[in-house]
Amino acid sequence: MSNCKTLGIGLAGFGTVGSGVWNTIAKNGDLISDRTAKGVSLHITKILVRDPNKTRATTSAVPAEILTTDWHELVNDPSVDIVVELIGGTTDAFEIVASALLAKKPVVTGNKALLAERGVELFAISRKMETPIFFEAAIAGGIPIVKTVQDSFIGNQIHSFTGIINGTSNYILEQMTLRGIDYPTALQEAQDLGYAEADPALDVNGWDAAHKAILLATLAYGFPIDPASIYVTGIEQVRPTDIQFAKSLGYVIKLLAVVRERDGGSVELRVQPSFISQKHILASVNGVFNAVSVNADAAGESLFYGRGAGQGPTASSVVADLVEAARDLAHTARHRGFLPYRETGTLVPIEETSTAYYVRFDVTDRPGVVAEIATVIANHRIGISGTHSPVDSSNPDAEFVDMVFLLHSCPFGKLTAALAEIESLDCVNSQPVVFRIENLG
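In terms of our numbering, the sequence shown opens at residue 85 and continues consecutively.
Hints should not be assumed to be uniformly reliable.
To be verified - Computed list of lysine to aspartate or glutamate pairs in DMTMM-like fashion (alpha-carbon distance at most 25 Å, straight line):
1) Lys188 with Asp235
2) Lys188 with Asp161
3) Lys331 with Asp283
4) Lys331 with Asp446
5) Lys212 with Glu427
6) Lys231 with Glu436
7) Lys212 with Asp235
8) Lys89 with Glu157
9) Lys212 with Asp276
10) Lys122 with Glu408
11) Lys363 with Glu385
12) Lys138 with Glu352
13) Lys498 with Glu436
14) Lys138 with Asp283
15) Lys231 with Glu352
16) Lys212 with Glu408
17) Lys111 with Glu408
18) Lys498 with Glu522
Claimed, not checked - What follows is a set of in silico ranges between Cβ atoms, one per label pair, in the way DEER data are often shown:
19) Asp510 with Asp266: 24 to 34 Å
20) Ser514 with Arg119: 54 to 64 Å
21) Gly278 with Ala504: 35 to 45 Å
22) Asp446 with Thr269: 15 to 25 Å
23) Gly497 with Ser144: 55 to 65 Å
24) Ala141 with Thr269: 22 to 32 Å
Source of the hints: derived by calculation from the structure; they are not laboratory data. Even glycine gets a Cβ: it sits at the ideal position worked out from N, Cα and C.
Whole structure, please, built from the sequences with the hints as guidance.
Structural data, given as structure tokens:
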């Protein structure tokens with residue numbers, strides 16, 4: 085590291101986001117230096133690639149001599165002061181990040197799966213080596229939620245995060261809502277437009293949002309969270325009939341991440357498709373946009389909104405973290421805290437979380453079905469606020485029909501016990517589909 089504070093960057097990964105980082109630094113490098121009072125100058129000195137001969141989507145030429153296919157060469161290069169991990173996954177990415185930290189080189193990453201699944205190990209190394217990990221790009225693309233929590237809200241007790249933090253699922257649900265199309269059609273269109281991957285599983289099954297929610301919870305409450313301990317469901321079972329019924333009641337369906345502190349300091353954390361009021365501000369978050377509502381004791385409620393993915397927004401967050409890391413190195417006073425800062429914490433069991441519910445059953449079309457199901461629900465002391473049987477005009481003689489029950493708020497464990505009993509009824513043909521009805525105020 086030179087005395088003129090020109091810092092070398094090693095980019096591990098040179099795909100869409102990596103190219104965006106190159107372009108941003110090439111375009112705005114002088115602006116960054118000016119805005120930091122000439123304190124920071126960033127220079128990319130090594131890039132890890134799979135194929136050095138591949139054509140790159142960059143706005144300026146990339147010198148061939150800075151490309152490498154060996155991550156050890158990148159991490160160990162003396163010209164590299166900061167390592168940026170953008171390859172994804174949890175195996176090679178872990179080795180790169182761990183090795184960089186052990187070499188006392190700060191790390192910038194957008195890899196939410198890596199941090200959610202192996203963050204305990206990496207942050208332990210980070211703490212031991214007194215070398216930080218920056219991960220603004222891992223949660224909500226271009227939305228600066230990490231710095232907000234770590235810096236702007238540092239004097240606040242955070243009561244909750246409620247957010248739409250997966251743009252792919254949000255786009256699919258929006259198209260189903262606006263046009264009445266089914267899930268497979270909306271998913272295919274999202275893939276055709278590049279909003280969904282060829283393998284969209286992590287986006288549509290809720291786990292991309294869950295990884296981000298885990299990071300938000302760790303930021304706010306400071307203890308490590310095992311992904312296996314949280315409740316996650318995706319949007320695959322949402323039907324146009326669900327969306328239309330939600331609309332008739334004044335709701336929209338969103339894939340909602342909820343992180344909430346409960347009495348006694350335990351934390352509720354879940355990701356599920358949920359009914360939210362059309363009047364709530366999150367209901368207007370459409371397309372591939374993300375939004376996170378933060379409720380804190382001093383600041384009150386704040387909303388952060390923006391593009392949750394894409395080359396530009398994600399590269400913007402990566403470069404912001406690079407500048408932060410460079411400032412720490414340039415001024416030799418590393419102020420970034422290390423996560424987690426508590427050894428243990430308590431997650432609220434999903435069975436103890438309570439909301440109202442929308443439950444859809446696939447039942448045999450015969451008299452008495454509603455009474456059979458309602459009797460079981462009542463025996464479990466769960467209140468019923470309404471029932472509905474959507475009519476399929478395309479198949480009026482169908483043997484099986486949908487039957488919807490709207491239920492009053494109760495613990496999820498009580499509901500699952502009732503549903504297990506209902507599934508054993510001979511009139512019920514498949515596992516019930518459950519969506520929460522959230523009261524977000």
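Cross-check of the supplied hints:
Proximity of lysine 188 to aspartate 235 is assessed by CA-CA distance (about 23 Å); at most 25 Å being required, the pair is judged to hold. In summary, the hint linking lysine 188 to aspartate 161 is supported, as the alpha carbons are separated by about 13 Å, within the 25 Å threshold. Simply put, lysine 331 and aspartate 283 have alpha-carbon atoms about 30 Å apart, too far for the 25 Å limit, and the pair is violated. Taking the CA atoms of lysine 331 and aspartate 446, the gap is about 21 Å. The hint holds against a cut of 25 Å.
For the suggested pair lysine 212 and glutamate 427, the alpha carbons sit about 15 Å apart, so the restraint of at most 25 Å is met. Taking the CA atoms of lysine 231 and glutamate 436, the gap is about 32 Å. The hint is violated against a cut of 25 Å. Proposed proximity of lysine 212 and aspartate 235 is supported: the alpha carbons are some 22 Å apart, at most 25 Å. A distance of roughly 23 Å separates the Cα atoms of lysine 89 and glutamate 157; the hinted pair therefore holds under the 25 Å criterion.
Note on lysine 212 and aspartate 276: the hinted pairing is violated, with a Cα-Cα distance of about 45 Å set against a maximum of 25 Å. The straight-line distance between the Cα atoms of lysine 122 and glutamate 408 is roughly 14 Å, inside the 25 Å bound, and the hint therefore holds. The suggested pairing of lysine 363 with glutamate 385 holds, with an alpha-carbon distance near 16 Å, which does not exceed 25 Å. At roughly 46 Å between alpha-carbon atoms, lysine 138 and glutamate 352 are farther apart than 25 Å, so this suggested pair is violated.
For the given pair, lysine 498 sits about 9 Å from glutamate 436 by alpha-carbon distance, which is consistent with the 25 Å threshold. Taken as a hint, the lysine 138 and aspartate 283 pair is honoured in the structure, with Cα atoms around 23 Å apart against an allowance of 25 Å. Restraint check for lysine 231 and glutamate 352: the C-alpha separation of about 23 Å stays at or below 25 Å, so the hint holds. As the CA atoms of lysine 212 and glutamate 408 are separated by approximately 20 Å, the hinted pair is consistent with the 25 Å bound.
A hinted pair counts as satisfied when its Cα atoms are at most 25 Å apart, and lysine 111 with glutamate 408 qualifies at roughly 18 Å. The suggested pairing of lysine 498 with glutamate 522 holds, with an alpha-carbon distance near 17 Å, which does not exceed 25 Å. Roughly 28 Å separates the CB atoms of aspartate 510 and aspartate 266, a value that falls within the hinted 24 to 34 Å. About 58 Å separates the C-beta atoms of serine 514 and arginine 119, a value consistent with the hinted range of 54 to 64 Å.
Against the hinted window of 35 to 45 Å, the Cβ-Cβ separation of glycine 278 and alanine 504 comes to about 41 Å, which satisfies the hint. Taking 15 to 25 Å as the suggested C-beta distance range, the pair aspartate 446 and threonine 269 conforms, at roughly 21 Å. Judged by the Cβ atoms, the range 55 to 65 Å given for glycine 497 and serine 144 holds: they are separated by roughly 58 Å. Checked against the hint of 22 to 32 Å, the pair alanine 141 and threonine 269 passes, with Cβ atoms roughly 30 Å apart.
The structure does not agree with the numbered hints 3, 6, 9, 12 stated previously, though it agrees with the rest.
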